[in-house]
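Given next are the chains, with one letter for each unit.
6 protein chains.
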Amino acid sequence: MPTVPMIEYADASPEVRAVYDDIMATRKTEWINNFWKALAHDPATLGRTWQSVKQIMAPGALDALTKEMIYVAVSATNQCGYCIASHTAAARKAGMTDAMFAEVMAVVGMANETNRLASGYQVEIDEKFLASPPAKA
Amino acid sequence: MPTVPMIEYADASPEVRAVYDDIMATRKTEWINNFWKALAHDPATLGRTWQSVKQIMAPGALDALTKEMIYVAVSATNQCGYCIASHTAAARKAGMTDAMFAEVMAVVGMANETNRLASGYQVEIDEKFLASPPAKA
Amino acid sequence: MPTVPMIEYADASPEVRAVYDDIMATRKTEWINNFWKALAHDPATLGRTWQSVKQIMAPGALDALTKEMIYVAVSATNQCGYCIASHTAAARKAGMTDAMFAEVMAVVGMANETNRLASGYQVEIDEKFLASPPAKA
Amino acid sequence: MPTVPMIEYADASPEVRAVYDDIMATRKTEWINNFWKALAHDPATLGRTWQSVKQIMAPGALDALTKEMIYVAVSATNQCGYCIASHTAAARKAGMTDAMFAEVMAVVGMANETNRLASGYQVEIDEKFLASPPAKA
Amino acid sequence: MPTVPMIEYADASPEVRAVYDDIMATRKTEWINNFWKALAHDPATLGRTWQSVKQIMAPGALDALTKEMIYVAVSATNQCGYCIASHTAAARKAGMTDAMFAEVMAVVGMANETNRLASGYQVEIDEKFLASPPAKA
Amino acid sequence: MPTVPMIEYADASPEVRAVYDDIMATRKTEWINNFWKALAHDPATLGRTWQSVKQIMAPGALDALTKEMIYVAVSATNQCGYCIASHTAAARKAGMTDAMFAEVMAVVGMANETNRLASGYQVEIDEKFLASPPAKA
Numbered sequence: 034m035p036t037v038p039m040i041e042y043a044d045a046s047p048e049v050r051a052v053y054d055d056i057m058a059t060r061k062t063e064w065i066n067n068f069w070k071a072l073a074h075d076p077a078t079l080g081r082t083w084q085s086v087k088q089i090m091a092p093g094a095l096d097a098l099t100k101e102m103i104y105v106a107v108s109a110t111n112q113c114g115y116c117i118a119s120h121t122a123a124a125r126k127a128g129m130t131d132a133m134f135a136e137v138m139a140v141v142g143m144a145n146e147t148n149r150l151a152s153g154y155q156v157e158i159d160e161k162f163l164a165s166p167p168a169k170a
Numbered sequence: 034m035p036t037v038p039m040i041e042y043a044d045a046s047p048e049v050r051a052v053y054d055d056i057m058a059t060r061k062t063e064w065i066n067n068f069w070k071a072l073a074h075d076p077a078t079l080g081r082t083w084q085s086v087k088q089i090m091a092p093g094a095l096d097a098l099t100k101e102m103i104y105v106a107v108s109a110t111n112q113c114g115y116c117i118a119s120h121t122a123a124a125r126k127a128g129m130t131d132a133m134f135a136e137v138m139a140v141v142g143m144a145n146e147t148n149r150l151a152s153g154y155q156v157e158i159d160e161k162f163l164a165s166p167p168a169k170a
Numbered sequence: 034m035p036t037v038p039m040i041e042y043a044d045a046s047p048e049v050r051a052v053y054d055d056i057m058a059t060r061k062t063e064w065i066n067n068f069w070k071a072l073a074h075d076p077a078t079l080g081r082t083w084q085s086v087k088q089i090m091a092p093g094a095l096d097a098l099t100k101e102m103i104y105v106a107v108s109a110t111n112q113c114g115y116c117i118a119s120h121t122a123a124a125r126k127a128g129m130t131d132a133m134f135a136e137v138m139a140v141v142g143m144a145n146e147t148n149r150l151a152s153g154y155q156v157e158i159d160e161k162f163l164a165s166p167p168a169k170a
Numbered sequence: 034m035p036t037v038p039m040i041e042y043a044d045a046s047p048e049v050r051a052v053y054d055d056i057m058a059t060r061k062t063e064w065i066n067n068f069w070k071a072l073a074h075d076p077a078t079l080g081r082t083w084q085s086v087k088q089i090m091a092p093g094a095l096d097a098l099t100k101e102m103i104y105v106a107v108s109a110t111n112q113c114g115y116c117i118a119s120h121t122a123a124a125r126k127a128g129m130t131d132a133m134f135a136e137v138m139a140v141v142g143m144a145n146e147t148n149r150l151a152s153g154y155q156v157e158i159d160e161k162f163l164a165s166p167p168a169k170a
Numbered sequence: 034m035p036t037v038p039m040i041e042y043a044d045a046s047p048e049v050r051a052v053y054d055d056i057m058a059t060r061k062t063e064w065i066n067n068f069w070k071a072l073a074h075d076p077a078t079l080g081r082t083w084q085s086v087k088q089i090m091a092p093g094a095l096d097a098l099t100k101e102m103i104y105v106a107v108s109a110t111n112q113c114g115y116c117i118a119s120h121t122a123a124a125r126k127a128g129m130t131d132a133m134f135a136e137v138m139a140v141v142g143m144a145n146e147t148n149r150l151a152s153g154y155q156v157e158i159d160e161k162f163l164a165s166p167p168a169k170a
Numbered sequence: 034m035p036t037v038p039m040i041e042y043a044d045a046s047p048e049v050r051a052v053y054d055d056i057m058a059t060r061k062t063e064w065i066n067n068f069w070k071a072l073a074h075d076p077a078t079l080g081r082t083w084q085s086v087k088q089i090m091a092p093g094a095l096d097a098l099t100k101e102m103i104y105v106a107v108s109a110t111n112q113c114g115y116c117i118a119s120h121t122a123a124a125r126k127a128g129m130t131d132a133m134f135a136e137v138m139a140v141v142g143m144a145n146e147t148n149r150l151a152s153g154y155q156v157e158i159d160e161k162f163l164a165s166p167p168a169k170a
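Chains as they are written, first to last, in this note's numbering: chain A, 34 to 170; chain B, 34 to 170; chain C, 34 to 170; chain D, 34 to 170; chain E, 34 to 170; chain F, 34 to 170.
Calculated from the structure, these hints are not laboratory results. As the structure is a prediction and not an experimental result, all values here were calculated from the model. Check the hints yourself; a few may be wrong.
What the hints assert, rightly or not - Calculated pairs, DSSO-like style, for lysine-lysine (alpha carbon to alpha carbon, straight line, at most 27 Å):
{"#": "1", "chain 1": "A", "residue 1": "61", "chain 2": "B", "residue 2": "161"}
{"#": "2", "chain 1": "A", "residue 1": "87", "chain 2": "B", "residue 2": "161"}
{"#": "3", "chain 1": "F", "residue 1": "126", "chain 2": "F", "residue 2": "61"}
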C-alpha cells in the first residue's frame with residue numbers, strides 16, 4: 034500500500050500532466066509507472082526528479098544501455114525491490130540480454146563481497162592509488 | 034592499520050606466490066596491491082577470490098570497461114574507500130575518461146536518490162514489471 | 034511469515050503483559066503492533082527495546098514530531114518496509130502533514146545522492162569542518 | 034586524495050563561477066567547500082545538484098534546521114564521513130545545539146537497531162498500517 | 034516475480050544438474066531452493082557460487098552453526114528478505130534454538146546502533162586498536 | 034576530529050564516572066575507549082547504551098566469543114571503521130584466532146554477495162521457508 038494514493042492522468046493538475054506528457058514523449062510510451070504517480074503528490078519533487086533523470090539518463094559519454102545497467106547494479110546493491118523491477122525492465126528495453134544481465138549480477142555480487150573483505154581486513158589504500166589522477170580526457 | 038600484516042612476495046608461501054604470479058600475469062603488471070597481500074593470510078580465500086574476480090571481470094557479454102565501471106558504481110554506493118580508489122584506477126586503465134566517470138557518478142547518485150523515494154513512498158511494483166520476462170537472448 | 038509466532042496479550046506472560054500495558058498507556062492506544070508481538074518471544078529484548086524507544090522518543094531538546102520524522106528518514110534510507118509503514122503512521126499521528134512528509138522524502142533522497150557523490154569523488158573533509166566544535170550549549 | 038583535482042574559483046569557467054557565486058550568496062559566506070570544487074569537473078552535475086540542494090533545503094513545510102538534522106541523520110546512517118562533517122557544521126550554523134545533536138544521534142541509533150530487528154524477525158506489516166492514508170492536509 | 038524463470042531439475046542441462054546433484058548430496062536433501070533455480074540461467078555463476086558456498090560454509094575453525102548464524106546476522110543487517118528466510122531455516126537445521134536466534138538478533142540490533150553512533154560522533158580509532166596484531170595462532 | 038571533545042575520567046561528572054567504572058570493572062581493564070568518551074556528552078545515551086551492550090554481550094545461549102564475532106560481521110557489512118577496529122580487538126581478547134577471523138570474513142563476504150544475487154534476481158521465498166517455525170526450544 035503506497036503512502037499516498039496514486040494520481041492518475043485524468044485526475045492530475047496541469048503542472049503534473051505536463052510532466053507526465055514529457056515522460057511519455059521522451060520514453061515513447063503511453064504509460065506512466067507508479068513511481069511518478071506517487072511523486073505527483075509533491076509536484077516540485079516530481080518535476081525536479083524527472084528533469085534530473087531525463088538529463089542524467091540521456092546518452093552522453095556513456096550510452097543509454099550502460100547507464101541503465103549501472104542503475105540496476107546500484108538498485109540491486111541497495112536491494113530496492115521497486116527499482117530492481119523497473120530498471121531491469123528499462124535495461125531490457127534498451128537492449129540488455131539475459132547474458133548481459135547475468136554478468137551485471139555477477140559483478141554486483143563480487144563487488145559487494147570484496148567491498149566487505151577490504152573493509153573487514155582494514156586494508157589501507159595503496160600509495161599508487163593516491164597518486165595524481167590523469168589529466169582530463 | 035590493517036587487521037593482519039601484509040604478506041610480501043618474498044615472504045609468501047609457494048601457494049600464495051602462485052596466485053600473485055597469476056594476478057601479475059593476468060593484469061600485465063609487476064605489482065600486487067594491498068588487498069591481495071592482506072587476503073594472503075588466508076590462502077583459501079585468496080585463491081577463491083582471485084579465481085572468481087578473474088572469471089567475472091574477463092570480457093564476455095559485457096566488455097572489461099563496462100564491468101569496471103559497474104564495480105566503481107557498487108563501491109561508491111557502499112562507500113568503500115579502498116574499493117573506490119582501486120577500481121577507479123582499474124577503470125581508468127581500462128579506458129574510462131573523466132567524462133565517463135562523471136556520468137557513472139551522476140547515475141549512481143540519482144539511483145541512490147530514487148531508490149529511497151520509491152521505498153519511502155512505499156510504491157508498489159507495477160503489474161507490467163511483473164509480467165513474464167522475455168525469452169533468453 | 035514472521036520467524037516466530039506473534040504473542041497476543043491473552044497468551045502473554047505477566048512480564049510481557051507489563052510491557053504491553055506500558056506501551057498502550059504511553060501511546061494512549063489499546064493496540065499492540067506486530068513488532069512488539071514478535072519481540073515478545075525474547076522478553077529481555079522486548080523490555081530493553083521498549084524502554085529505550087520510550088526514553089529516546091519522548092520530547093526533549095527535540096519535539097516528538099521531529100523525532101518521528103527522523104525515524105522515517107532513517108527507515109527510508111535503510112529501506113525497511115515495516116519501519117517505514119509503522120513510523121510514517123506514527124509521524125502522522127504526531128502531526129506530520131503530507132507536505133511535511135514530501136519534504137522529509139526530498140531531503141532523504143538528496144542526502145542519499147550527495148552521500149555517494151562525496152564518497153565516489155573521494156572528497157576530502159575541509160579543514161574548516163575539522164576545527165574544534167563549539168562549546169556545549 | 035580526491036578522484037579529480039579541486040577547481041578553485043580563480044581557475045573556474047564562467048559557468049562554474051556562476052554556481053559558486055550563487056552558493057556563496059545563498060549561504061552568506063565567501064567560502065566554497067570541497068564537495069562543490071570536486072563536482073565542478075562536471076558542470077552539469079554541479080549545476081543540477083546545487084539547484085536541487087538549494088530548492089530542497091530552503092524552508093518550507095519544514096524549517097531549515099529540521100532539514101539539516103534529517104540530512105545529518107541520513108549521513109550517519111550511511112556512514113558518509115564527509116557528509117557527516119559538513120552537515121553537522123551546517124546544522125550547527127542553523128541552530129542545532131549539542132543537546133539536539135545528541136537526540137538526533139539517539140534516534141538514528143535506535144532506528145538502525147529496530148530496522149534490523151523488524152527485518153530479522155520477518156515481522157509482517159500490520160493491517161492498520163496498510164489502511165488508506167489520510168486526506169492531504 | 035523473479036527476473037528469470039526458475040529452472041527445474043527436469044528441464045536442466047547436464048551441467049546444471051551436476052550442481053543440483055551436488056547441492057542435494059551435500060545438504061542431504063532432495064530439494065533445491067529457488068535461489069539456485071534462478072542462478073541456473075547462468076551456469077558459470079551457479080557453479081562458482083555453489084563451490085564457494087560449499088567451501089566457505091563447511092566446518093573449519095568455526096563450526097557450521099556459528100557460520101549459519103553469522104550468515105543470518107549479515108542478511109538481517111542488509112535486510113535481504115530471501116536470505117533471512119533461507120538462512121534462518123538453515124541455521125535452525127544446524128541446531129539454532131529460538132533462544133540463540135533471539136541473541137543473534139539482539140547483537141545484530143546493537144551493532145547496527147553503535148555502528149551509527151560511532152560514525153555520527155566521528156569517533157577516532159584509539160591508538161591501542163591500531164597496534165600490531167598478535168602473531169598468527 | 035570527533036564531533037564533540039572526548040571526556041576524560043578526570044573531567045567527568047559522577048554520573049559519567051559511574052558508567053566508566055562499571056565498564057572498566059566489567060571488562061577487567063583500566064582503560065576507556067574513545068566511543069564511550071564521546072557518548073559521555075550525553076549521559077542518558079551513555080548509560081543506556083552501556084547497559085544494553087553489557088546485557089546483550091554477556092554469555093547466554095551464545096558464548097561471548099560468538100557474540101563478538103557476530104559484532105565484527107555486522108560492522109564489516111556496514112563498513113564502520115571504528116567498530117571493525119574495536120570489535121576485532123574485543124573478539125581477539127575473547128579468543129578469536131586469525132583462522133577464525135578469516136572464516137568470519139569469508140562468510141561475511143559470501144553473504145554480502147548472495148544477498149545481492151537473491152535481490153537482483155528477484156528470487157521469491159520458497160514455500161518451505163514460509164512454513165510454521167518449530168516450537169520454542
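Structure-based check of each hint:
1. A:61 to B:161: holds (16 Å)
2. A:87 to B:161: holds (21 Å)
3. F:126 to F:61: holds (11 Å)
The structure fails none of the hints (numbered hints given earlier).
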